[in-house]
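Undergrad: Same order as they appear, the protein sequences are chains A and B. Start counting the first sequence at 0; every next residue gets the next number (numbering that gives the first Met the number 0). Start counting the second sequence at 0; every next residue gets the next number (numbering that gives the first Met the number 0).
Keep in mind the hints are simulated off the structure, nothing from the lab. As the structure is a computational prediction, the values presented were derived from the model and not from experiment. Using N, Cα and C, we set each Cβ at its ideal position, and we do this for glycine too. The reader is advised that the hints may include incorrect statements.
What the hints assert, rightly or not - On the chain A side, residues computed to face chain B include the following (Cβ under 7 Å):
#1 Pro-74
#2 Asn-80
#3 Phe-83
#4 Gly-101
So you can see what is in the structure, the chains are spelled out below.
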Amino acid sequence: MTAVPDIEFRAVTKRYGAVTAVSGIDLAIPPSAFVALLGPSGCGKTTCLRMIGGFEQPSEGQVLIRGRDMAGTPPYRRPVNMVFQQYALFPHLDVEDNISYGLRQARPRLSSRDISSRAGEALAMVQLAGYGRRKIHELSGGQQQRVALARALVNKPAVLLLDEPLAALDKKLRTDMQIELQNLQREIGITFVLVTHDQEEALSMSDFVCVMNGGRVVQLGQPSEIYDEPADLFVADFVGKTNLLSGKVAGLSGDLVDVALADGTVISARKRVPLDRGEAVSVSLRPESLSLSASGNGALKGIVRNRIFLGSTAEYAIEVPGIGSLLAKADHVIGQGNLFKPGEPVAIGFAAGAPLAFPHAKNNGTNQREDQNAEILS
Amino acid sequence: MSETGDKPDQDNATGGRKSAGSQPAFPMRGSLFRKNLMTALLLAPAALWLVVFLVLPFVAIAIFSVGERAPEGGYQAALTFAQYANLPARATAFWNTMLLAPVGALACLLVAYPVAYYLALRAPQRWRLILLALIVIPFWTSLLMRTYAWMYILGGRGIPALLAYVGIEDLRLINTPGAVLLGIVYGYLPLMILPIYVSLERLDRRLLEASADLGATPLSTFLGVTLRLSLPGVMTGFSLVMILLLGEYLIPTLLGGGKVFFIGNALVDLFLQSRNWPFGSAIAITLVLVSVVVLIVANRISTRLSGARRVDLI
Numbered sequence: 000m001t002a003v004p005d006i007e008f009r010a011v012t013k014r015y016g017a018v019t020a021v022s023g024i025d026l027a028i029p030p031s032a033f034v035a036l037l038g039p040s041g042c043g044k045t046t047c048l049r050m051i052g053g054f055e056q057p058s059e060g061q062v063l064i065r066g067r068d069m070a071g072t073p074p075y076r077r078p079v080n081m082v083f084q085q086y087a088l089f090p091h092l093d094v095e096d097n098i099s100y101g102l103r104q105a106r107p108r109l110s111s112r113d114i115s116s117r118a119g120e121a122l123a124m125v126q127l128a129g130y131g132r133r134k135i136h137e138l139s140g141g142q143q144q145r146v147a148l149a150r151a152l153v154n155k156p157a158v159l160l161l162d163e164p165l166a167a168l169d170k171k172l173r174t175d176m177q178i179e180l181q182n183l184q185r186e187i188g189i190t191f192v193l194v195t196h197d198q199e200e201a202l203s204m205s206d207f208v209c210v211m212n213g214g215r216v217v218q219l220g221q222p223s224e225i226y227d228e229p230a231d232l233f234v235a236d237f238v239g240k241t242n243l244l245s246g247k248v249a250g251l252s253g254d255l256v257d258v259a260l261a262d263g264t265v266i267s268a269r270k271r272v273p274l275d276r277g278e279a280v281s282v283s284l285r286p287e288s289l290s291l292s293a294s295g296n297g298a299l300k301g302i303v304r305n306r307i308f309l310g311s312t313a314e315y316a317i318e319v320p321g322i323g324s325l326l327a328k329a330d331h332v333i334g335q336g337n338l339f340k341p342g343e344p345v346a347i348g349f350a351a352g353a354p355l356a357f358p359h360a361k362n363n364g365t366n367q368r369e370d371q372n373a374e375i376l377s
Numbered sequence: 000m001s002e003t004g005d006k007p008d009q010d011n012a013t014g015g016r017k018s019a020g021s022q023p024a025f026p027m028r029g030s031l032f033r034k035n036l037m038t039a040l041l042l043a044p045a046a047l048w049l050v051v052f053l054v055l056p057f058v059a060i061a062i063f064s065v066g067e068r069a070p071e072g073g074y075q076a077a078l079t080f081a082q083y084a085n086l087p088a089r090a091t092a093f094w095n096t097m098l099l100a101p102v103g104a105l106a107c108l109l110v111a112y113p114v115a116y117y118l119a120l121r122a123p124q125r126w127r128l129i130l131l132a133l134i135v136i137p138f139w140t141s142l143l144m145r146t147y148a149w150m151y152i153l154g155g156r157g158i159p160a161l162l163a164y165v166g167i168e169d170l171r172l173i174n175t176p177g178a179v180l181l182g183i184v185y186g187y188l189p190l191m192i193l194p195i196y197v198s199l200e201r202l203d204r205r206l207l208e209a210s211a212d213l214g215a216t217p218l219s220t221f222l223g224v225t226l227r228l229s230l231p232g233v234m235t236g237f238s239l240v241m242i243l244l245l246g247e248y249l250i251p252t253l254l255g256g257g258k259v260f261f262i263g264n265a266l267v268d269l270f271l272q273s274r275n276w277p278f279g280s281a282i283a284i285t286l287v288l289v290s291v292v293v294l295i296v297a298n299r300i301s302t303r304l305s306g307a308r309r310v311d312l313i
């Protein structure tokens, strides 16, 4: 199906004076998807969201909403609604008036019966029925969050924009809201675009993750793709925990490379981009892909330094001579006393496809364009 | 004794000191007493000032207002409301004041709001302080001097002389209600701009974006969010200017030339010229009551409209 994308960026660049916040982004967000824009602060993700909302105009390129170029269209004429960071609820209005604010702007005017029934539905949708006459300052953070959601969704936008919506909530509430947002998105069936710097949030909630860095899109894919097949060193390091081992390419064979690590050990790794013999590389090894054994033939040998027992799993910091500290994660099965103690020597093994080799240099494969503005704001 | 000592707020002069000395189990007592004493000492000068220069004169005026004029002028003890019954004799002064004070405050507001709006929301950050300073700087010169300057600008050799060059003859500006209004707006503008500026400056800009995001045009955003949330500042400025205008004396005298007679002018006249202290006192008391009512009403309105829990007017 070649549906028109809900949101499309065509070679969009945004500059603030001499600073380039977003540089040459091409991006199509498919309809009815939950998409996360993920990246460190200053990567341009919020700027992208604000360009969709109409609060910023691109310096170059086009932003399209459902196939329509939005150049020159002010925020109040765009078919999108935003849930703002810290919600930006109107303090002088009660909950219901906040929610019906958008409905009251509609021209031709809606009847007041329509407005109040739709506001009531929206309240019920976010499980705040009966809270209509409360003042905003009487609500908890989580309730304010729901009001902000209802206030945006009641207008039936084509796309809902969420700017770090969960950042101000505590961990327990955040987890609940993640599930609730997912359910809402499925129920309503419109596209949600979520901006977050929290990789866990992005992976757990969205259908697609768009990883951004330095004003560019580094990788767009499903969460498992992003995690298992990171496009470059930045993604591997930013998304999830990983061990990065530096080494040099010692041999090439098809998709695989042999990498000589600092201590002389040679391991076989998959490569994502072409590599040359002798090139300095970083090898990414996820903690959970490491297997530990007390006496076995692992590729690497080390000594347990710290153990962090987490119930279902245990994490180990392992000192490997000549290489440094590695993080390993092992499942814990009840009744099997298979925990290693600090000071114990262990052998570290891993599956053949687990290590991924990336060029060491900052400017790597995925960003083929000339890298004029790699360091943005940071 | 010991019962009163249990209430540290009330009688810590005895209870506080005693328990601090003899009962180390309550070390809070002594420090609380010391804290209260400090507070009292810090407040004393201001309290004394207010009692001597505000409360006592007010009581005196209140007593005067129910008295009689002594035959040779001044005050003669009595208990009569004749002075209050006589208030209509100065109806013109009341009428002028009651008209020009709100109209003046309103004119001030209409001029001040766009300035404050520009300063708070539009002016480039680095210019803001300079522009604010420019608004405040005239305050460094006495209002008397500046009002005299207006006398010359509006007087026969000022603007009317200039207009005569282009053929507009016999225009009279000085000694008109318009001149008084102009003087009022000029003199009180900073008092109106500053509180409005503060409330607009405090306005969360994201609320404006949220409003636009929800489909509100710039005009409805201004009316529904900006104006509503700046109302506390508007009401502060308005009541401040209005209350000062109720007692205004200088501007109507200099720019109104005695033709636009304010309550302030009536008071000067009654106390200094005709020496009818009781009648002057009755007018003064009435003026104070009107001011209090204005304050209360303004406070009510801005609390209701802004949705705030509490509004500090001044």
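Undergrad: Are the hints correct? Go through all of them and say.
TA: Verification of the supplied hints:
The criterion of a C-beta within 7 Å of any C-beta in chain B is met by Pro-74/A, whose closest approach is roughly 4 Å, and the hint holds. Hint status for Asn-80/A: holds, given a least beta-carbon distance of 6 Å to chain B, under 7 Å. Because the closest C-beta pair between Phe-83/A and chain B is about 5 Å apart, less than 7 Å, the hint holds. A hinted interface residue such as Gly-101/A counts as satisfied when its beta carbon comes closer than 7 Å to some beta carbon of chain B; here the least separation is about 4 Å, so the hint holds.
In summary, this structure violates none of the numbered hints.
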